[in-house]
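Visitor: Listed below, chain by chain, are the residues.
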Amino acid sequence: MAMKILSALITGLAQGSMIALIALGYTMVYGILKLINFAHSEVFMMGAYAGLFLIGALGGESSPLFAGVVGTLGAMCLAGALGVVVERIAYAPLRSRGKNRANTRITPLVTALGMSVLLQNMAQLLFTAQYRGYPKLLPIQHTRKVIFITAITVMIGLQYLVHRTWTGKAMRALSTNVEAARLMGIRTGRIISLTFLTGSTLAAVGAVLYCLDQSQAYPTMGVVIGTRAFVAAVIGGIGNIPGAMLGGVLIGVIGELTKLTPYSGLQDVLIFTALIGVLLVRPTGLLGKAGIEKV
Amino acid sequence: MPRTLRRAIVTLALIGLMIALEFGFERVVTDAAWRQLALAAMVNIIVALSLNVINGMAGQFSIGHAGFVGVGAYTGAVVASNIHIWLFIHHRTESAPLFQNSFLVMPIVLLSAGAMAGIFGFVVGLPSLRLKGDYLAIVTLGFAEIFRLVIATAQTGGDAGGGISGALATLGGQNGYGGPDVRTILTTVTDPEVTARLNTYENGGVPQYAGPFWIFGAVVVVALIAWRLKFSGWGRALRALREDEIASAAVGVDPTRYKVTSFVIAAVGAGVAGGLLASMRDGNPTIQPDQFTFNTSFDAITMVILGGSGSVTGAIFGGVFVTFTVKMIEQLQGLESVQALKVQFPSLDLNALRMVVYAAVLITLMILRPEGLFGERELFKKARTKKSPSSNDTPDKPVATPVPEPAKPEAT
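Residue numbers (the working numbering), protein chains in the order written: chain A, 1 to 295; chain B, 1001 to 1412.
I should point out that these hints are in silico values taken from the structure, not numbers from a laboratory.
Do not rely on the hints blindly, as some may be mistaken.
[What the hints assert, rightly or not] Here are the computed lysine to aspartate or glutamate pairs in the DMTMM-like style, where the Cα-Cα straight-line distance is at most 20 angstroms:
| no. | chain 1 | residue 1 | chain 2 | residue 2 |
| --- | --- | --- | --- | --- |
| 1 | B | Lys1132 | B | Glu1243 |
| 2 | B | Lys1132 | B | Asp1244 |
| 3 | A | Lys34 | B | Asp1244 |
| 4 | A | Lys145 | A | Asp213 |
| 5 | A | Lys4 | A | Asp213 |
| 6 | B | Lys1132 | B | Glu1245 |
| 7 | A | Lys34 | A | Glu179 |
| 8 | A | Lys34 | B | Glu1245 |
| 9 | A | Lys34 | B | Glu1243 |
If we strip away everything but chain A, and leave its shape as in the complex, we get (with noise of 0.2 angstroms):
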């Protein structure tokens, strides 16, 4: 038993890492933008099934390092212009327009979700609603090290890039007043799509590294691994990036862990009630902090 717990741990920290890669997509849009970005979800599987093609296509398991890497590569490229194309489309004309028009607090949400329904179904037209099998590019035992070990590494590139660069230092301006951050003379249009990048890029390896364990790309798997990696963002603190991380270590323990009980289908409501508690208990989030508001 004691084994089993230890195996589900390894696994939720594994799975967990994974969750982390797409729930940081979400944080640092929402830390920006005040925006749920329900096409993030969509961009995770556009890439999942960037991968699977440019891996098949570049040799499969004939060649499982090559292909792994540049298929990943060119799965993170390909992912990162989509999620540029959907900022600049769907919600670049609604900042210039302004805030004194009707409803201003739920037009970017339905973009957001329309955009989310209208990348799903195209992906259901243009590769059918089918499950395709992913290459079994390495052996079962070592998928888990190398989702774990692909994950941290993305991770501190990404601390590095947010504490470290120019381009993060901006980032961080943004998140804190976006007016001020432009009267400073930085480019928030540039900025903030280079932030949508940066997410759609993170999801992308997600996504490859989802499919390397579970092996099967279909056009709704992002609903579900969207909504969890959502709720690690909120569990972690919304718009705070070690919080996401923290938040889908937790998501993934707590869902292998489920798995060990006779609930194992219960794993999502046991997930969607942790956030009911954090919203009930800690709206913030277990690293937020809470902002002063001002009127």
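Got chain A; can you put chain B on it based on the hints?
Guide: What follows is chain B alone, placed relative to chain A:
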């Protein structure tokens, strides 16, 4: 005419019209497909009107409305079929549902469906609406999806066991719920008379008590309530809250209370729609979890946004419009030419195409005209301000011989 008397007459006339519809609907609309379409549109109008309370009037964003419709539908189905069997055993009614019995069954069904959805709405809404930010969106999305998955993945069959999983198993899992299993009831009864009676029971799924009377009646009642809500002080407070939360809190409008109340009202409305959906005569006497997917929620959002958030008539228009397009797609998919096209392009999924088009329309609408087609205006707003009733709204009167009217105050 005094106002109360006029209202009483209008109410009586409406009830008479509903009863006439109950028996005459098959003669007015002879085609069964159109009849079902009309009834489905009515149920969707209730869905749209209830979602309009939270998404349009209160300016919050709920994207899991199908979940509450589903809660209402399952509650309604369980309640209706159990009362039906109870009536069958103790009052010796037929296996088929009767109109006079629907006056006993339907009020209980609608009340319980609305109440159950309202309870879920409170549990989901209270934690998420206390906070600033759009937590409601993701919480409702999660709620609807989990509700569906829990029912769809429930273990059915003999090995379900007791407790929660046993209770879930009776809801039928992926195959849907079609009334309680008579065999399991037979194992619990000891009275031989009841056993003999139960053995003659023909299980026709969820008894379909909701005829045109109940569906049209519910639409009229819900539309009236929505209208009154919008133009009441409560509706004004809600609109103030939507425009500026801080300012309205400063003048004494409690944001949490108003938002949670409006969300519970929306959930109750969805539950009522679900209760009707369960007992509707649509040739489908079961309730499946697949009826309450995210697409259903998105359709409801489209209905509200398309017509214009906050507009009651807009929601009604949206409900009818979306229902018609959905049914048209179903009709199209049956056509031979479309079938032939599908053989050539196996990935052609008309429903996915419809969702792509809807989503594109919604995004364009949000960018070009975020208030929706009608905005918050009502179609019949002007008619309210007219004092004298116009005489040309009765076309049955002989038009050829214009009767000289004795008094024309507006002409002088």
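Visitor: Of all the hints numbered above, which does this structure not satisfy? Sort the numbers upward.
Guide: Every hint satisfied by this model.
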